[in-house]
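Engineer: Here is how the chains run, residue by residue.
2 protein chains.
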Amino acid sequence: MKTYLDCFPCFLNQALKTTRIITDDEELIHFILGEIGTILKNIPLHNTPPETGELIYLTISEHTGVADPYKKIKETNIAEAKQFLPYIKKMSAKFEDKLLFATKMAIAGNVIDLGVNSEFNIGKEIETNLEKDFTIDHFHDFKKAVEKAETILYLGDNAGEAVFDTILLQQLPGKAYYAVRNLPIINDVTKEDAVAAGVDKFAEIISSGCQAPGIILKHCSHHFCQIFKQADLIISKGQGNYEGLSTEKYPIFFLLKTKCSVIANDLGVPKDSIVLKKANNK
Amino acid sequence: MKTYLDCFPCFLNQALKTTRIITDDEELIHFILGEIGTILKNIPLHNTPPETGELIYLTISEHTGVADPYKKIKETNIAEAKQFLPYIKKMSAKFEDKLLFATKMAIAGNVIDLGVNSEFNIGKEIETNLEKDFTIDHFHDFKKAVEKAETILYLGDNAGEAVFDTILLQQLPGKAYYAVRNLPIINDVTKEDAVAAGVDKFAEIISSGCQAPGIILKHCSHHFCQIFKQADLIISKGQGNYEGLSTEKYPIFFLLKTKCSVIANDLGVPKDSIVLKKANNK
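Chains X and W, in that order, are what the protein sequence lines are. In terms of our numbering, the first sequence opens at residue 1 and continues consecutively. In terms of our numbering, the second sequence opens at residue 1 and continues consecutively.
One chain only, chain X, in its complex shape (with noise of 0.2 Å):
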């Protein structure tokens, strides 16, 4: 996905998000927001919005010398989603088709705001999520594609959200390898964070060898590239990966919940949907 003018002043705010977490210095908060604003100029409209995200986070890191802000934040996000997974265990009883029940908790790992809401508000939001519809959905493709695929590439996106990734893989019948941040950046999920969620139960963990806050493949490794190429399906979760893999030519699937409203339009679906997505180019 391009980056659109509206992205611009959502690239100051997420600076500034990320900066309180640091720091309460409003000098230096300043300081790195003029940084930041002077970068916009050169911001190329066809570069992937995740490629600024990665400069912003470089800028910030580099003035506060602050590497990995919401390693806490993702400690705790990981600690919190990974109490629900018995009461989701019982859940899933209920449910006729396994896959779709893993899909919807997946999505839901993508919905829910850890950290921000109570254990009751989660369980509800859990629940919400379930009977919710797809604006788009592509799950009879979806299921099709995961019975026939024999290697399957699973792109992580936040670290909590790692958690309720677990679900959708022990659905998977072929080999999964699941994809990490190769450092850290805002709350995505590191190898660190995706072990400590448990993913290495079902999935050989693997790094994109980027650092950018979605897949960009010229920037990934040549390793990851590789795999990339090579899986019989990819599954793309959140908004990062979909705005740096959305004109791509492969098996993918996006998952994800529509959070912003320039990624809803270059959907074509209302801001808040949840969405199962076939590539177009595929």
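Everything labelled a hint here was simulated from the structure, so no lab data went into it. Do not take every clue at face value.
One copy or two, either will do: identical chains are not told apart, so a pair holds if it fits within one copy or between any two.
With a Cα cut of at most 30 Å, we get these calculated DSSO-like pairs of lysine-lysine [to be verified]:
hint, residue 1, residue 2
1, LYS89, LYS201
2, LYS201, LYS143
3, LYS143, LYS71
4, LYS89, LYS148
5, LYS71, LYS144
6, LYS94, LYS71
Model the placement of chain W on the given structure of chain X, informed by the hints.
Structural biologist: Showing chain W alone in chain X's frame:
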């Protein structure tokens, strides 16, 4: 009110919204956002937001050659608002406290998003607004001040809203001045707009001498400042004027809806509150 760091993404958002009214040339909009991005580092946080608002607006005008992008929108809003005057007059008959009714109508003008809502919705919003209580309610003091004041200075906000201001102006027994922006800025009321709204029938229209989207005394004309300093009562409409004057020690009553969470926090009320607040320092 000082500039909060949260204002920075919003500055870019406002610039984007205004520039898009003028042009759909993405390269030009990108260039302008880039120019505004480079300004950010030099914005003193002790400045009020309208000072930056003016700078942003002038940057847009300079690079597009368009000085009044909201001209047509303002004309439409004024015409649209005027259609509701007979309906408001009829409603007024039902209310015993004419000043309270008029004050609520003046704030309704600030609440309603003219040009966005249908006629049906505007009528409904006017009624809803009448039923809604002020979150900060200094009406008792306001009424006493109105009754005693020989000279009243009314600070206009946006153009369409000026039509609703005439309802309150009619209830002011003292000599009333209605202050407008010196030159067009966003959809704020200028002299031409105030006349079109019918304000000249009930008040003497004066220019603030300043183009910022909020009164900044140090930038206002000598003539305006004299009236400001001598007025027995100042009625300040909208967010921009609050931002410019919130720390001034004059007999001001602020009448606004908190459409932005930064201003809501500064006032200590929830977003989307309606407020009638006596200035702290008087």
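Engineer: With reference to the structure, classify each hint as holding or not holding.
Structural biologist: Hints, one by one, checked against the model:
Proximity of LYS89 and LYS201 under a CA criterion of 30 Å is satisfied intra-copy only: 16 Å inside one chain copy versus 72 Å between copies. Taking the closest pair of Cα atoms, LYS201 and LYS143 come within 30 Å of each other only inside a single copy of the chain (22 Å); across copies the shortest separation is 71 Å, beyond that limit. Neither within a single protomer nor between protomers do LYS143 and LYS71 lie at most 30 Å apart by alpha-carbon distance, with minima of 35 Å and 55 Å respectively. In this homomeric assembly, LYS89 and LYS148 come within 30 Å of each other (Cα to Cα) only inside a single copy, at 25 Å, whereas the closest approach across copies is 71 Å.
Proximity of LYS71 and LYS144 under a CA criterion of 30 Å is satisfied in neither setting, with 38 Å inside one chain copy and 57 Å between copies. Proximity of LYS94 to LYS71 under the C-alpha cut-off of 30 Å is found in neither arrangement, the shortest distances being 36 Å within a copy and 61 Å between copies.
Of the hints listed earlier, those the structure fails to meet are numbers 3, 5 and 6, in rising order.
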